[in-house]
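A.B. asks: Chain B: place on chain A using the hints.
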Amino acid sequence: MSNYNIIMAEKSYLVRLGIMQVLEELKVQATISECSNIKEVKHRLKSMDVDVMIMNAAFKDISASEIIQLKSDHPGLKVAQIINSEEEAIPVVDHIINLNEDKRKVFQKIEAIFKSAQRPKHEASESGLSKREIEILRLVARGLTNSEIAEKLFISTHTVISHRKNISHKLGIKSVAGLTVYAVLNNYIDGSSIR
Amino acid sequence: MKKTSVINPGMKMAEVVHIDYTLLPVINRFGISLGFGDETIEQICRMYHINMDFFLEILNTFHDPDYFPEENLKKYPIGLLIDYLKKTHSYYLEVKVPELEKLITGMIDDPKQERQKHKLMNEFFAHYKKELTDHILREEDKVYPYILDLEKTVKEKNCSDEMKKRLNRYSIDHFPDEHDDVEEKLLDLKNIIIKYLPPPIDANRCNAILYMLFELEKDLNDHARIEDTIMVPMVADLEKQYEKMIKA
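Residue numbers (my numbering), protein chains in the order written: chain A, 1 to 195; chain B, 1 to 248.
Be aware that a few hints might be false.
[As the list claims (entries may be wrong)] Computed footprint of chain B on chain A, listed as stretches where at least three residues anywhere in the stretch have a Cβ under 8 Å from a Cβ of chain B:
| hint | stretch |
| --- | --- |
| 1 | 28–37 |
| 2 | 181–189 |
[Claimed, not checked] Simulated pairs of lysine-lysine, DSS-like, Cα-Cα distance not exceeding 27 Å:
| hint | chain 1 | residue 1 | chain 2 | residue 2 |
| --- | --- | --- | --- | --- |
| 3 | B | Lys12 | B | Lys129 |
| 4 | A | Lys165 | B | Lys240 |
| 5 | B | Lys96 | B | Lys152 |
| 6 | A | Lys39 | B | Lys130 |
| 7 | B | Lys86 | A | Lys170 |
| 8 | A | Lys39 | B | Lys240 |
| 9 | B | Lys86 | B | Lys165 |
Keep in mind that the hints were calculated from the coordinates and are not lab data. The beta-carbon is built from N, C-alpha and C at its ideal position, and this holds for glycine as well.
Isolated chain A (complex conformation) (with noise of 0.2 Å):
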């Protein structure tokens, strides 16, 4: 079984073991990160390919909004919420889990979360960049805007994000600097040619 990348960001010490225990029961292997506030959360998501986030339903300043802004810049992740009675339901959360749930229950949403993110193995990241994706890069590091970029290749800006949201995804690059030493290490261009 591949190894998950979990966010929990859940304040309980018990309930956090207890789901650590579940775990190590239905033989999930996982890199296990705590967050106690939102923006650690981000951090976190951030750094690195996360899978599946576990958070209470009190965790502190999360909202609905929150979470679909979160999986929409994360594609892939899946959000889990306990609860301890319905009306603590965000409904736009992929996974809900009761505390009063009897075992069998538990063990067997806890599963259900684990396969529904089984993600598609690193495609992405091994065939590297797209060819447009790599012209996108190359006006990026010589200093065009977003909008520049559109005008120039005739897309919408918002394609331009998405496909430098992609980019920066698949190198773990985010700023327009860090691209642009990449884009000079890989020739995508000269570098006396940046601005």
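C.D. replies: Relative to the frame of chain A, chain B by itself:
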């Protein structure tokens, strides 16, 4: 799950370092130097005239990401915290950044042959350094003076019109989420070195740079957490007291 122990007054200082050596720079920032002998935290704090509640709060927050200092809040003046944060800043700017800069400048074995690579890395680091410096200066020039003014006003229960004007210019609600850019560049730098820097490179030197980047990253995150979990709530509380005072 990592087992974390809470650091307490009766623990020996030497023991604390054995438990978590990443606390060393934190301990240094309080002016405590090595050679602890068998002294406990309590004894050392007395010796160095350090507010122990505050010292423990900082150590524990650094040591355990799950540590929430809520209960101990307010046992010390916020000026102590600001002093500490400033010391951390100068540790970044005066110790860590120059160390990294030196390593990065010397990273390429043969700068003549690999001029471009050399230049690229130096320039990227210069970018990072500028962003970090700007960020720190903003906090020190704008946020911290505001906090100190606020505390003084609340403590003295007296507010001149001049001060009112100054205090109205800022609120901790705006405490910006701008650690982000600085963070981003640090991650990028790590990935460039780990994934994309073509040989020939000095492997030992690159490792040293990476160790240092990982360490700096952890320290910066812990620093941000101290701001978020200790400073922001303290200031929010002061703001409430100030509001009340103004209304009365």
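A.B. asks: If any of the earlier hints don't hold here, list their numbers in rising order.
C.D. replies: 3, 4, 5, 7
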